[in-house]
Every structure is written in C-alpha cells, then in structure tokens.
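All chains should be modelled from the sequences, with the hints used to inform the complete structure.
Residue numbers (our numbering), protein chains in the order written: chain V, 1 to 430; chain L, 1 to 430.
Bear in mind the hints are in silico, worked out from the structure with no lab data behind them.
Ideal placement from N, C-alpha and C gives every residue a C-beta, glycine not left out.
A few of these clues could be false.
[Stated by the list, open to error] With beta-carbon atoms standing in for the labels, derived distance ranges:
id : chain 1 : residue 1 : chain 2 : residue 2 : range
1  : V       : T361      : L       : H91       : 23 to 33 Å
2  : V       : D407      : L       : K303      : 38 to 48 Å
3  : V       : A277      : L       : P95       : 43 to 53 Å
4  : V       : T336      : L       : V383      : 20 to 30 Å
5  : V       : R164      : L       : G243      : 36 to 46 Å
6  : V       : T165      : L       : E124      : 40 to 50 Å
Protein chains: 2
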Amino acid sequence: MPTKYLRSPNRDHQSPSTSALDAASLDRRAFVKLVGTAAIGWGVSPVHLRAAWAQRPIDPSRLIPGKDRRLIVHNSKTGVLETPVELLRQHRVTPKETLFVRNNQFLPGSLTLDPLPLDNWTIEIMGLVKAPRIISATELAQMEQTDVEMVLQCSGNGRSYYARTVKTRGTQWKKGGMGNVRWRGVLLKTVFERAEVTIHPSARFLTAEGKDAPLVPTAPDFEHSVPLHDVIDKAILALEMNGEPIPAVHGGPVRLIIPGYYGTMNIKWLHRLRLEAHETFNHHQIPRYRTYIRPVKPGTRLKRTFENTAPNWHQRVKSIIWSPLEDDVVAAGPVTISGVAWNDGMVEIEAVYVSTDRGRTWQRARLQVPASRYAWYPWTITVPLRPGQHEIWSRAIDALGRSQPLDGSIHWNPSGYEWYGVDKIRITVS
Amino acid sequence: MPTKYLRSPNRDHQSPSTSALDAASLDRRAFVKLVGTAAIGWGVSPVHLRAAWAQRPIDPSRLIPGKDRRLIVHNSKTGVLETPVELLRQHRVTPKETLFVRNNQFLPGSLTLDPLPLDNWTIEIMGLVKAPRIISATELAQMEQTDVEMVLQCSGNGRSYYARTVKTRGTQWKKGGMGNVRWRGVLLKTVFERAEVTIHPSARFLTAEGKDAPLVPTAPDFEHSVPLHDVIDKAILALEMNGEPIPAVHGGPVRLIIPGYYGTMNIKWLHRLRLEAHETFNHHQIPRYRTYIRPVKPGTRLKRTFENTAPNWHQRVKSIIWSPLEDDVVAAGPVTISGVAWNDGMVEIEAVYVSTDRGRTWQRARLQVPASRYAWYPWTITVPLRPGQHEIWSRAIDALGRSQPLDGSIHWNPSGYEWYGVDKIRITVS
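Here it is, written out as structure tokens:
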C-alpha cells in the first residue's frame, strides 16, 4: 500500500509532516497557493529525493497534534489516517487519539484535536422553508441535548479488498477506517422546532455544507444530500464527541451526525442546511459516493446516474474479525475468535456466524448487547482448531435478513465504496 | 382458514361454484349487478344455509375449467386458488393445471385455462412518448421472441404466517401462492424499437393496465407502475406460457411479464402501457401492494406514503422446505430435506443453509443449477435426526448477502405482503 506524502519539496525536503502542520495554520488561499506550487515543484524534484521521502514515514501526531503515533497515514495533505485493528480493538468507545480521519477538503486550523470556538459559529437553514433562519452554535448549546453511541465509518473502509479482483481508486483502507464514538447534540427536528422552521411539503432532501473549502478553488465544494424523511428524527447537530467539544479535525464545533449513515454524510464544520425537492447533483453526490444498484463485473465503469446508482447512505451490515489477525500463529486447541458487527441501526443484528471450513458450516458467536442500535456489537466464539493453515470467516446478519456477501467483490464499483464482504483471515495453528 | 364463497344465494344455494361459472360468461355490468344483489341476499340468508355451504368445498375445476381439483380455493368470486405444496413439488415447471391463481378484478370469459384469441387484441403505448402507438397482438407474435423460466409469486404468498404475531387482511396464503413457469414473448425494448416509440428522458415509470374491470364499477381500476430503467431490458410482453398460448385465467392473450418482480406487477390482459414521470398513485399502487421501509411493531398501521413504503417490486430472497411437510412423521436416521429457493434474479443464490438446532449451527445444502437466474433453485440436504420432535429451518442467501429474517414478522405490514421469513417446520422422528 503506497503512502502519499505532502507535495512540498520546495519548502522542506526532509520533514514533510512539519510542512503539513504549517499549512494548517495558513488561511485557505495561501494553502491552495502553497499546494499548487508544491505540485509544480514535485514534477521536477530529483528522483533520489523522492526515494528518501518514501523511507521516512510521517508521524501522525505531528500531522495532527494529539493523534496516536501508531496510526497509518494514507494522505497527509488533507489528513487521512487509519486506525490499525490492534488499536481499534482496545476500546469499546474509540478515543479521539486513535479515531480514523478522512477529510476531502481543508479548513484552516482544523488539523488538530483541539476544539474550535463556538463563538461566532452559525448555521444557515434555507431552501424550501417559509423563511430562512440563521442559528448560532451557542443557541444550539442551550437546546435539549441527545446522546448517541454509533459506528462512524468511512464509506471507503475496506476498499483495499476490492483489489482482490480489480483495484479501485482512492485511499486503500483496510478495516480501520471506522470507530465507535459517542456524540451529543440537538436532534434535527428539535432544531427546526426551536428555530421555528416551517418546511414545505415538497422538501424531500436535506443538503448539508461545511465551512471547509476545496483544495483547488475551481473544484466543486463538498456537500451531500440525505433523505429528509429518514433522517429528520435521528440526525443531530452535534457539539460533543466522547464527552468533550468535538475536536476540530473531527468536524467541530458543529457536525451533522446521522446515526447509521456512512461517515461522508456526517458533514463536518456544518454551516448550512438546505431543504430541497431534489438530491444535489454536486460532484461529491454524483458520481462520487455512490454504488451501482445492479452488480457489475469488477472493472466495469458504467456512467453513474441517479437511476443506476444509490448514494452511500445507510451502512451495510458488516462484521470484522479483530482477533486473531491475518497471518497470526496461534496454539492448537480451543481458539477464541472475536470482533465486532454493526449495521445501519434500522433493526438489531441477529447474529454473527463463524465458519472454519470455508462456508460449509457456520456456528453462531456470542453477541454482546451494544450501547445503542447504532453502536457496534462485540462478538466472540471459541472453536477447536487442529495444527495447520486455517481460514476463519465471519458473517453478520440482521433481523431483516440483511447479511454480507460471501465474495464482497459482487459490490464492486469504480470508487470502491461500501465493502461489506464476509471477513476472511488466514492463520496458522501450531 | 375460512374459505369465501360466491355470494349468490338468490341464484343457487346448493352449488355456488356453478354460479361462478355462469358469472364468467356474463358481461361485466351484469356480473356486477349479480354480485350486488347477492351481497344483499347474503345479509338475510338463514344461518343454517351458511353452515351448509361451509361444508361443501368448491371444486376448483368447476370454478376454472382445467384446474386441478386438489387446489385450495381462497376466493371463488374472482378466482383465487393456491397450489398445495404436495402438488407444487411434483414438477420443475409448474403445469397450468396446478398453477396458483390470484385475480383482483374480472374479465368476462377469463375463468378458464383456454386461451383468448389474439385477433383484435391491441396494446396502446402512450404518455411521455413522441407519438402514441397502438400495436396488435398479432404484430407482437411476428416479432423476435424471448424465453424466460421464472418464479411467479403473489406478493401475498406466505401471508398466513404473519398471523403468528398479528393477522393481516387478505387471502391467507401458505407456501403455494407461487409457481415456476416458462414465458415466451417480446422484450419490451424490442417492442419500443419495432413500434418506433420515442420515450422522453423524463419518463421514469412504466404504468400498465389490463382489460379487466373492478367488481364494483366505482372502484379504481387495477394498474401498477414499475421503474422503467430497471424493467426496460428484461420485461416481456408475453404471448405463451409453458409452450402454449397463455391461458385466459393467467392473463392471455398478452401479459406483461417482469422477471424477478412479484406477480401483481405482471399485469394480465395487457392493453395499455403509459410512460410517466411519476409512479401512479392509484389505490392499487398506494396504499395497496406496498410494505414499510422501516420495520414496525406488528399491528401498527401507519399511513402508507411514498416516503415510508416501497412497492412490491423485486421479490425478496426466499426458501421453502417442501419435504418433509409440517407435522410429518419420518423414520430416525439420515433424513433428506428438500425444497426450493429463489430471489429477484439480480444475482445468484449463493446457498441455502439448514439448521436442526434452532439456528445455533447451519449446514449448506446441495443446490441445483436453475434454468435461469429468475427460476427456482431446487436444494436438498441429508441430516441425521434422532427420535423426537424436531424443527427444521431453511435460509437462503444470495451473492449480495440478501437473506431471510429469522423472524419473518419483522417485515409485518397491514396487508401482509412479502413474507420471506426463514422457513420453519416441525416434524416427528420415530
């Protein structure tokens, strides 16, 4: 898996992570200019310098102060960090220090775990409403607060597994583009009530924008639409994460949190909500962040339309094995296998089944009660294993019968979203 | 399960099935009048007469000449017949004599297995098209023909199992509101090409009407909308069933066949196709023939809207056990269990798993290759069973990970559509 580095050879050849930190304190225009220059510089940089870089991994805690040094750096430009499973499995609630990061755009001053101030932060509510409203973050803080513990997962999580058939573009996430986090904030419907927002019946979508801006000024600004009917009674405008003001890098001071939805729909640095009759056709809503409705042969790149694709909204049911890990060597006898499972929270996870004979038979694992319907379900099972090579497979199924495909590549799509295949690891029993 | 009888005590108290046959030869207006009179008569009929009726089961072969006498009569007014599993399992392709029947409305002369003539039968194509067209059934017969073997299933099939929680209205189907049938006809896209139909890009739905009429003249005429994008390359205007002209009672001379869709969308006696921007809001499209998107507690009757429901379009993945049968007594030792599985044909069925320990462990059954992706997959497995009472459960899962809920009542809806729960039977091993 190639790691990308900040393209800033003209500034400091030896420590690109320092450059990223500096960039975080620049304003947007200056940052774009810097990156632009750097990109030009990159083209003419000597080959030996590139090689030298590749040998110096970036320290995530320098890229985003406060982050654990053991995180995997996928992209230091906007800050894309993955949580290794060894860290992910240590806590029921993922601490801010180890939580994954995936940013599409850039907000000056946001590459830190420190919070941004509530003061002067406002959110505009507009579109198919009787009268537009502007509410302040401090007003939000005075409204009734709701808590939710939930899986936050990048829709690209697991993308690297699509490479078993045809590799797809984008960050090559393994299992750690996710975490289980507690949020606190104001229910969307409460915000609308308290701000006296009257919505026209023709409004079917909620489109959200953050205060961040594209790295390239001419690029379309990041935004997403979600179905209003589905989110109105569960989305929250969150002010806290894990009991503290939301760290800047995770979208504070105000983030749109939609339990059960993929991370990308949980708009960071929220500053505008639009009530609309149609889903936005912004580049980030289509063709990005969508999957084909009908499966295609891996490698097939059909034009993505509103008819043949669906957005990365509801998280697919999924389980991962987090102990043992791929290529582990374990002692023969009873082997304990454990992991977590989750879905979109619409119904409960019914069971996680484990197979040690490549799908011929499956046994039900012990499932722990989750903190909420949107949180992950830890599971564990002990199976007798003889010495030799073994494959361990896990498959979650929920109360609606929604489960994981045996071969996750059935859901192949050009951008490698929504990997939810049966998790499969190989281990050696000695 | 109460059987309903034709309400015609004024005509012939002793043989209501004869009345139904007579009615079939009346024109629509006379029939409605007859039923109306009968309904009034019913209210004043002596209790002992009703009791006498209940003891005289209607002979399906008199209700619909040619049908097997062993079919279950659910409604003799429009002709609603179920295939007992004992008959269903005898053939890979369900013969016309035993195929289930479910009619919402009435077409004079259609209660027979005989075909209706192609002559003078036309289909109008209208709506968002450059110019409306009328094509004749005889023209269709001269176009390129396509064959498909597929499961035809009433969306009410299995409705009786919802009564395990809260009984729902409508025909109390068990497992036999389905069959596996071969159709031959012209692909919809071929029809459009040959008839030079130019469709406006805003057309997103295909709405189909048959020549039948409501039993009550003021009732809304039966019609359904399906998503044009999804059906355009698989729907056919069928002229033959199982190698013969389509029997009148099964929708000939021309029936809209949409492989993978529930039976109700396969409009019989097709005479009009409308290309439209919006799904029809006809009574039979909404609130009828829809299920809630979010599960509700059984018994909950939310107003059904376009937002909170989805139409009975794609068939849910499903398996049924057809041997042994509920309450069978079998000899101890290896017991062979068999049945069929199917889905909407979007992807293959991956496996059918069977559990004899109430879901703790599951074993993969042997699956036969189906005749088409839309046909049923016969499966079989042999398991050792000790003497005593046993529950046998079957669960199909497809290549997308779509499977059956352990408790099918999770999908409860006021009209009891789309039962697809894990199939469960109790048997005694002696």
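Going down the list of hints, with the structure as the test:
1. Against the hinted window of 23 to 33 Å, the Cβ-Cβ separation of T361 of chain V and H91 of chain L comes to about 32 Å, which satisfies the hint.
2. The given range of 38 to 48 Å is respected by D407 of chain V and K303 of chain L, whose C-beta atoms sit roughly 41 Å from each other.
3. For the pair A277 of chain V and P95 of chain L, the supplied restraint of 43 to 53 Å holds, since their beta-carbon distance comes to about 50 Å.
4. Separated by about 28 Å at the C-beta atoms, T336 of chain V and V383 of chain L satisfy the suggested range of 20 to 30 Å.
5. At roughly 44 Å, the beta carbons of R164 of chain V and G243 of chain L sit within the given window of 36 to 46 Å.
6. The beta-carbon spacing between T165 of chain V and E124 of chain L, approximately 46 Å, falls within the hinted interval of 40 to 50 Å.
Of the numbered hints stated above, none is contradicted by the structure.
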